[in-house]
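Single-letter residue listing:
Protein chains: 2
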Amino acid sequence: MLTVLDFLCSDRYIRMGIAERKQRQREEMRAAILEAAWKLVHEEGWQALSIRKIADAIEYSVPVVYDHFENKDAIIAEFNKKGFQLLRKQLQVARAQFTEPDQQLEAIGTGYWDFAFAQKQYYQLMFSLGVPSCESARKIPEVSACMDVIQHTIKQIIDKYRNRYADPFLKFHAFLSMIHGLVSINIIGPANKDELNRLVLKDLISGFIKGCKA
Amino acid sequence: MLTVLDFLCSDRYIRMGIAERKQRQREEMRAAILEAAWKLVHEEGWQALSIRKIADAIEYSVPVVYDHFENKDAIIAEFNKKGFQLLRKQLQVARAQFTEPDQQLEAIGTGYWDFAFAQKQYYQLMFSLGVPSCESARKIPEVSACMDVIQHTIKQIIDKYRNRYADPFLKFHAFLSMIHGLVSINIIGPANKDELNRLVLKDLISGFIKGCKA
DNA sequence: TACATTTGCTAACGGTGTTAGATTTTTTGT
DNA sequence: ACAAAAAATCTAACACCGTTAGCAAATGTA
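Those protein sequences? They're chains Y and H, same order as listed. Numbering follows the UniProt record's numbering, with no gaps: position 82 of the first sequence is 82. Numbering follows the UniProt record's numbering, with no gaps: position 190 of the second sequence is 190.
Hints listed in this document are in silico derivations from the structure and should not be mistaken for laboratory results. Take the hints with a grain of salt, since some may be wrong.
Because identical chains share one entry, a pair is satisfied inside a single copy or across any pair of copies.
[Unchecked claim] Once the Cα atoms are required to be at most 30 Å apart in a straight line, the calculated DSSO-like pairs of lysine-lysine come out as: (1) K72 <-> K120; (2) K210 <-> K22; (3) K72 <-> K53; (4) K120 <-> K22; (5) K39 <-> K72; (6) K72 <-> K202; (7) K81 <-> K39; (8) K213 <-> K22; (9) K213 <-> K53; (10) K160 <-> K213; (11) K139 <-> K120.
Whenever a hint applies, use it, and build me the whole structure from the sequences.
Structure representation (structure tokens):
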């Protein structure tokens with residue numbers, strides 16, 4: 001007759017506990033690496049991020065970092081994913097404020113703008129290397145999911161106004177270009193021109209929505 | 001009585017010749033450095049450019065490069081300047097095809113687009129770090145002169161249609177954002193979607209011009 | 001306790017930008 | 001023509017970087 005107590009005393013259970021602790025410790029180490037990396041990026045920028053500094057920060061030797069990430073790019077990719085998750089969340093919140101797709105798109109535009117400046121480090125990473133509308137980037141689920149929020153809203157506008165000549169994908173492309181361009185031109189240097197550029201943003205978005213209608 | 005021959009035989013003249021040759025050699029070396037650097041960038045991309053490889057290519061030791069350029073950034077800045085000179089030329093040629101500012105701006109837009117893809121290496125450099133509408137970049141005369149071509153044309157459109165509510169600088173900003181955004185989203189990866197994106201470009205520009213009118 | 005496994009470290013390889021100091025070449029003044 | 005001054009050039013180093021092979025120590029298993 002096997003009781004629960006028997007099981008709890010068994011080697012098998014003890015080994016499970018060890019395995020679980022090890023698993024937990026692995027995850028903690030991974031988290032510590034990411035945390036240290038993020039701190040470095042926040043303090044000194046992406047360009048200053050190095051494996052050696054991460055190792056220093058977590059008080060372990062360099063190869064330990066390589067036990068948790070294949071290479072430096074893998075660490076960066078992790079932040080890339082996280083960045084798109086955050087952006088997606090913000091865009092969805094913005095979108096949910098309204099029911100009409102026109103208003104939703106405007107909210108998405110300003111949400112995107114706000115994210116770019118509130119999370120400069122993330123944005124720089126997300127849009128510096130590859131820009132997320134090309135095929136290669138779309139293979140990353142987090143990127144795709146985020147972009148779908150925008151693309152879907154644009155499609156709704158086009159459908160709403162029954163504009164048969166507007167191609168949803170091309171319009172999506174154009175929208176992303178507009179906003180990204182505006183952000184990328186303003187994200188360097190002090191953000192004191194914020195007020196002026198919000199005007200440009202509104203102007204561009206309203207112009208874009210007009211273009212979707214007719 | 002001093003003759004020309006006397007002067008040609010004088011120490012002073014000989015020394016002048018030496019100084020001139022040295023000057024010429026300096027310039028040749030500088031040119032060789034830039035040429036070698038450009039070849040490297042063209043073959044392996046900006047990320048692969050290194051002082052050591054340049055030194056190898058010109059068959060001199062590393063510090064020689066530092067005799068002609070303060071550091072690596074100075075070399076890159078040189079290409080930045082040259083890039084904006086080239087872009088300016090191309091935009092001016094495009095502009096000169098028409099007399100009406102509307103048409104001129106459209107030509108500028110496609111000229112900009114063509115430049116970005118024909119001179120990928122230059123464009124990547126010019127718009128990767130700082131984007132040229134912020135103050136710091138505008139301090140470089142070549143950048144400023146190039147942007148002025150665009151800014152001036154937009155101002156002409158606004159003047160032409162007597163639109164008192166359109167701010168020329170903001171519109172310029174918006175235009176640059178649009179075009180740069182569209183380019184930056186397409187410049188990575190194979191350029192097979194060229195046809196589609198020319199449509200987006202035309203669409204964005206015509207929408208923009210409309211926005212300048214009313 | 002003896003063995004096996006996991007974990008972490010040292011030390012290296014080849015690369016980068018940059019520079020101090022020695023060396024060789026060229027120019028100058030006698 | 002020859003020694004001194006100046007210019008050009010190189011060697012070798014410093015302090016970083018990403019990455020990895022191989023060894024030592026801690027830990028788990030029997």
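Now for the hints, and whether the structure bears them out:
Both within a single protomer and between protomers do K72 and K120 lie at most 30 Å apart by alpha-carbon distance, with minima of 20 Å and 26 Å respectively. Within a single copy, K210 and K22 get their C-alpha atoms no closer than 58 Å, and across copies no closer than 64 Å, so neither meets the 30 Å cut-off. Taking the shortest Cα distances, K72 and K53 sit within 30 Å of each other both inside one copy (12 Å) and across copies (24 Å). Taking the shortest Cα distances, K120 and K22 never come within 30 Å of each other, neither inside one copy (35 Å) nor across copies (49 Å).
In this assembly of identical chains, the alpha carbons of K39 and K72 lie at most 30 Å apart whether taken from the same copy (15 Å) or from different copies (28 Å). In the homo-oligomer, the alpha carbons of K72 and K202 never lie at most 30 Å apart, since the shortest distance is 38 Å inside one protomer and 40 Å across protomers. Proximity of K81 to K39 under the C-alpha cut-off of 30 Å is restricted to the intra-copy arrangement: shortest distance 17 Å within a copy versus 35 Å between copies. In this assembly of identical chains, K213 and K22 lie within 30 Å of each other by CA distance neither inside one copy nor across copies; the values are 58 Å within and 67 Å between.
In the homo-oligomer, the alpha carbons of K213 and K53 never lie at most 30 Å apart, since the shortest distance is 52 Å inside one protomer and 54 Å across protomers. Taking the closest pair of Cα atoms, K160 and K213 come within 30 Å of each other both inside a single copy (8 Å) and across two copies (27 Å). For the identical chains of this complex, K139 and K120 are neighbours both inside a copy (24 Å) and across copies (24 Å), given an alpha-carbon limit of 30 Å.
Checked against the numbered hints above, the structure breaks hints 2, 4, 6, 8, 9 and satisfies the rest.
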